[in-house]
Each structure stands twice: as C-alpha cells, then as structure tokens.
Amino acid sequence: MIWNQNKECMSRDEMSALQGKRLHKIVEYVYHNVPFYRNKLQEMDIRPDDIQTIEDIRKLPFTTKKDLRDNYPFGLQAAPQSEIIRVHASSGTTGNPTIVGYTRKDIGVWSECMARCLTAYGITRDDTFSVAYGYGLFTGGLGAHYGVEHLGASVIPAGTGNTEKHLKLIRDLGITGIACTPSYALYLAETMDKMGIRKEDLKLRSGAFGAEPWTESMRKEIEERLGLKGYNLYGLSEIMGPCVSYECQEQNGSHINEDHFYPEIINPVTLESLPNGQSGELVFTTLTKEGMPLLRYRTRDLCSLMPGQCNCGRTSIRMSRIEGRSDDMLIIRGINVFPSQVESVVLSMPEFAPRYLLVVDRVNNLDTLQVQVELRQEYFTATFDTPAAIDDLEKKLASKLKSVLSISAKVQLKAPGTIERSQGKSAHIIDKRKL
Amino acid sequence: MTIHQLSIFIENRSGTLIKVLEALKEANIQIIASTIADTAEYGILRIVCAEPMRACEELKKAGIAVAISDVFALQLDNKPGCAADVIELFSKAGISITYIYSFLYGGKGILVFRTDNTELARETITRNNLPFIDENALAL
Chain C
564 MIWNQNKECM SRDEMSALQG KRLHKIVEYV YHNVPFYRNK LQEMDIRPDD IQTIEDIRKL
624 PFTTKKDLRD NYPFGLQAAP QSEIIRVHAS SGTTGNPTIV GYTRKDIGVW SECMARCLTA
684 YGITRDDTFS VAYGYGLFTG GLGAHYGVEH LGASVIPAGT GNTEKHLKLI RDLGITGIAC
744 TPSYALYLAE TMDKMGIRKE DLKLRSGAFG AEPWTESMRK EIEERLGLKG YNLYGLSEIM
804 GPCVSYECQE QNGSHINEDH FYPEIINPVT LESLPNGQSG ELVFTTLTKE GMPLLRYRTR
864 DLCSLMPGQC NCGRTSIRMS RIEGRSDDML IIRGINVFPS QVESVVLSMP EFAPRYLLVV
924 DRVNNLDTLQ VQVELRQEYF TATFDTPAAI DDLEKKLASK LKSVLSISAK VQLKAPGTIE
984 RSQGKSAHII DKRKL
Chain L
119 MTIHQLSIFI ENRSGTLIKV LEALKEANIQ IIASTIADTA EYGILRIVCA EPMRACEELK
179 KAGIAVAISD VFALQLDNKP GCAADVIELF SKAGISITYI YSFLYGGKGI LVFRTDNTEL
239 ARETITRNNL PFIDENALAL
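Those protein sequences? They're chains C and L, same order as listed.
The first sequence lines up with residues 564 to 998 when you count with our numbering.
The second sequence lines up with residues 119 to 258 when you count with our numbering.
Treat the hints as calculated values from the structure; they're not laboratory data.
Values in this document were obtained by computation on a predicted structure and should not be read as measured data.
Accuracy of the hints is not assured; some may be wrong.
Per label pair, the in silico range of CB-to-CB distance [stated by the list, open to error]:
{"#": "1", "chain 1": "C", "residue 1": "786", "chain 2": "L", "residue 2": "180", "range": "52 to 60 Å"}
{"#": "2", "chain 1": "C", "residue 1": "954", "chain 2": "L", "residue 2": "131", "range": "18 to 26 Å"}
{"#": "3", "chain 1": "C", "residue 1": "944", "chain 2": "L", "residue 2": "145", "range": "20 to 28 Å"}
{"#": "4", "chain 1": "L", "residue 1": "181", "chain 2": "C", "residue 2": "605", "range": "52 to 60 Å"}
Covered stretches of chain L (chain C as the covering partner; in silico rule of three or more C-beta atoms under 8 Å from a C-beta of chain C) [stated by the list, open to error]:
{"#": "5", "stretch": "120-130"}
{"#": "6", "stretch": "177-184"}
Every residue gets a Cβ at the ideal spot worked out from N, C-alpha and C, and that includes glycine.
I would like the entire structure built from these sequences, with the hints used as guidance.
Written out as structure tokens, the structure is:
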C-alpha cells in the first residue's frame, strides 16, 4: 500500500522539477525572513533568483548544529511567533537545547509524511497502533502520534515506561502496530518472557523502529521475539522529527520523503558533494518548512543514497542504514548525548579534575551510561572519610548530569591521576555496545 | 582526646593499595592500625600511624587522595565487656557512632571511633573520665 501515490511514485523528472521549484521558493523565503541566511547569502553574493533548479543547491551555504546553537533560541525561525503552534527541543552540545518551532502547515506536512511511513509499514485505519516513544520535548512521541491519527488508525499513546501495563494493553486490546526505539522493543521482549506472555498471545505484526542506531541482527531478534516485521524509521528534530525516511516491505533502504526533505551526501572534511552510492555525511534541505526551514543542514549521520525504483513501486530515493557519525555525538536510549555536555557539568564542580570518561554499554538491551570522574586531591578533605560522604558527592554530580542530559548516568569516582588525559575528543568515550 | 587518622580514597582494583603502602614504606612510617570501609567500587582506607602529618604530606606527594581526620581514641582494659560499657555511655547520650575499630597497643585495647556529634562526645568523655590515649604515646 502507498499513501500518496502521486508523490511517492513520481517520475524522476517531475520530482526534480518540483524540488527545483520548491528550493527556489524556500531560498526566497529564508532570504526575506531569516537575517542569518540573508547575511550568509549576501556574503556569498547569491540572490534567490540564482537558485532555479535543484542542481543549484550546491551553490548554497551549509547549516550546522553550531549555527543553531549560536542563534539560540529563535534566531533561525522564519515564521512569526503567532504562526508557531508547537515547539520541540532536542539536546544541544553545551547545555543549550535546539529549539524547533512548527507552524500549522509544518505539523500537517509532518503528519502526512508520517502517514506515508506507516502505510509503507502495512498500517491501515483498521489497525490499533501503540506509540512507545517518549512524549514531550522529544519529537518521537507526538510526531508518530499525529501520523497515526492522520492515517486514521487508533493510536495508543503509551509513551515509555510502565512496560508491564503496556504489554497487557498490547495483548488485551489486540494492538497490531508499535513505534519505539529498537532497544525498547527488545526490552519489551524481555518483559514478555518475565510475564510469561508468548508472541502467539499478541497480534503485533508491524513495528516502526528508530531514533537510535540498530543493526540487521537486532532486526532479526526483534522480529523473531515479538512476532512482527520491523521497519526502520528515520528522522531528526532539526529537520522535522520521525518521518524523514522509512523502509517499505522490501526492507532495503529507507525511502526519503524527498518532496519535502532534499538529501545530499557530502565528504564531511572537504564538504564536496559525493555521487549516489558513495558513503558520506547526510545533508538535508527542508523544501517546504515554514517554522524553521534549514538549507543544507549537516546531520553528521554517515550513510549513502540509493537511487532507482524500488520493487515496492516507489521511485523516491532511498538512504542506507546509518553507518556512524562524523562527530562525537552518542545516541543513548534514543537521546542525543554530547561529551561536551558532560564536560560542562564536570567543570562546574571544583571537586573534580577536568577529565572524564564516558562508558556506554547495553545491559539487558537497555543502554547504560557511566561517567567516570577524577576526584581532585585538594578537595578530598576530612569530611570525605566515610563512603556516605563520597556517595553524596556522586549523587550531586549524577543529578546535575541528569538535568543536562535528560537521561540518568551512573557516576564512578576515580582516584586522582587515574583517568588518562585524552589526546582527542573520541578518547573520552568507550562505547561497548555491539552494533 | 583525639588522634590524627589518615583517610585515603582507593579504587577497588589491583595496585591501588600497594601504592599507598609503598609510599609509607618509602617514608619509613610505621602503620599502627588500619581498616577499610569498602563499597562496590572504592574503599576508604583508614590508617593510624606514627607521624601522621608527615605521612599525609608524603602520600599527597605520591598523588594519593588523603585527608587527616580527628578521631577519638580511648584506652581500655583488654577484658570482655569494656567496649560495651563505654559505648553504652555514648548511646545513652544520644550520640551515634559513625565508624569504629580497635587494636591492641601495649597490652591495652585502643578503641578508635568517630561520632555524629563531636562536642557532645567530648563532653561525655570528660564527664565520665574515660581514659583516652595521647597521640604522642602512640609515636614509636
């Protein structure tokens, strides 16, 4: 089944023409409404009329996470506040979150794109669909929720947590579809085993999994243990949220909603465009967004583009699985975590040396984060002669980390001088997750 | 009434304890008593030794997280029931013992402890005329 045959199966020529037209319009729009872009384009001596076809996109400047940070909170917003009907926020690199405002039309596009994803996953208005992404500032919950409603299926806004009750509902309500992180899907499977629920007791048949990296072997395990077919769902809040690309029944690459989000692959070092099929950094331009349109936004996700008609009938370009990141961002339980966020917290407490080590692992299918910090010798005073005092210090750091990272981290205190001074950024991280 | 105790943060892994002991050996400082408050990931090593201030400086030089704590040290007869009789006085005064350990020194039992109320503990010791040991008496 295809939700929007017209757009999803458009001929390549028609799609390019549509993209070119929309690109011209969006450049004109940001030129007149976002001083940041107007200044950039003027510096490069580019006028909106210089951009007529989609190929002209290579003339345009890139946008980075740093630009969003430097223009916090609303500097890149194009629409007036009166037109903004929703705001989401995702974690930033130094404590300032990335703020994304959506107009009514943006929410409509998001719902439309999400409905396309769900239809590709085999979901129809006869289904009962559980959204088990976090609801709130994170785009996962509400983004998927609106898509299910737009499609016309019954949405169960389960959210995360309370897994046993959720499983009871999946069984008793005959829920057929679910959206969650792949690690949460495996956690559901574990909980099923504990509760004595067999996959034969459930009617689940389709799962939309995303918001964190996962592998083919995880897919096999999820499909086997939950008795469903698992599909990739890709998105990022800066561009929209979940809905940017989706797998179809072929499970071979994720179709990009390229009439709204134009993809490019670049070499992250030289910034030159790379041909289809070659791996590099994924870059998106929002072609229709009103709230916060972005030109050539560098996602830092590494993957390749797969052109050509898919066996499912869709003609839209597909992206491969995400192969990695071109920066040091970690995705832990679906939440973006930057080592620099941890650094800012550690530096704010004089008791610790300005060194730390992040140890990420996956225990019982749930991501864990441990933050190792070094006690500063001169701050180890007589008050620390009991474990209770040390525990209080650890708890103080843990609670500060929690408020900045939005996920809990376990703090481990190390003796002075025992954490290696790192040579580069990545030396702060040990990621033990086998993906 | 109180003596100086070294409190040392050590991680639970091989090689951390020896680093402390080597530094004391290097400085020719004798350990008189020691105990450890252990947790799953680290321990607080508590040491009573000769020349505690110099020991502390030497350990700091070796890069070890060490602090000097003042702890009470009572000298009791080496007989059954002596510890119970003394601690009962603190208990009656509403004082909690944070930690406690003991060792034998010169035929006497030495009871080392910290309380949650130092002032009241001092008062209790004075009022009951409890025999405390002078740090200099421990110096070898």
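Verify the CB-CB distance for residue 944 of chain C and residue 145 of chain L against the hinted window 20 to 28 Å. Holds: the Cβ-Cβ distance is about 21 Å, inside 20 to 28 Å.
Are at least 3 residues of the stretch 120-130 of chain L within less than 8 Å of chain C when you compare beta carbons? holds (count 5)
Okay, residue 954 of chain C versus residue 131 of chain L on CB: inside 18 to 26 Å? Given range 18 to 26 Å: holds, Cβ gap about 19 Å.
Between residue 786 of chain C and residue 180 of chain L, does the C-beta distance stay in 52 to 60 Å? 56 Å, holds
Between residue 181 of chain L and residue 605 of chain C, is the Cβ distance one that fits in 52 to 60 Å? Given range 52 to 60 Å: holds, Cβ gap about 56 Å.
Do at least three Cβ atoms from the stretch 177-184 of chain L come closer than 8 Å to Cβ atoms of chain C? holds (count 5)
Of the numbered hints stated above, none is contradicted by the structure.
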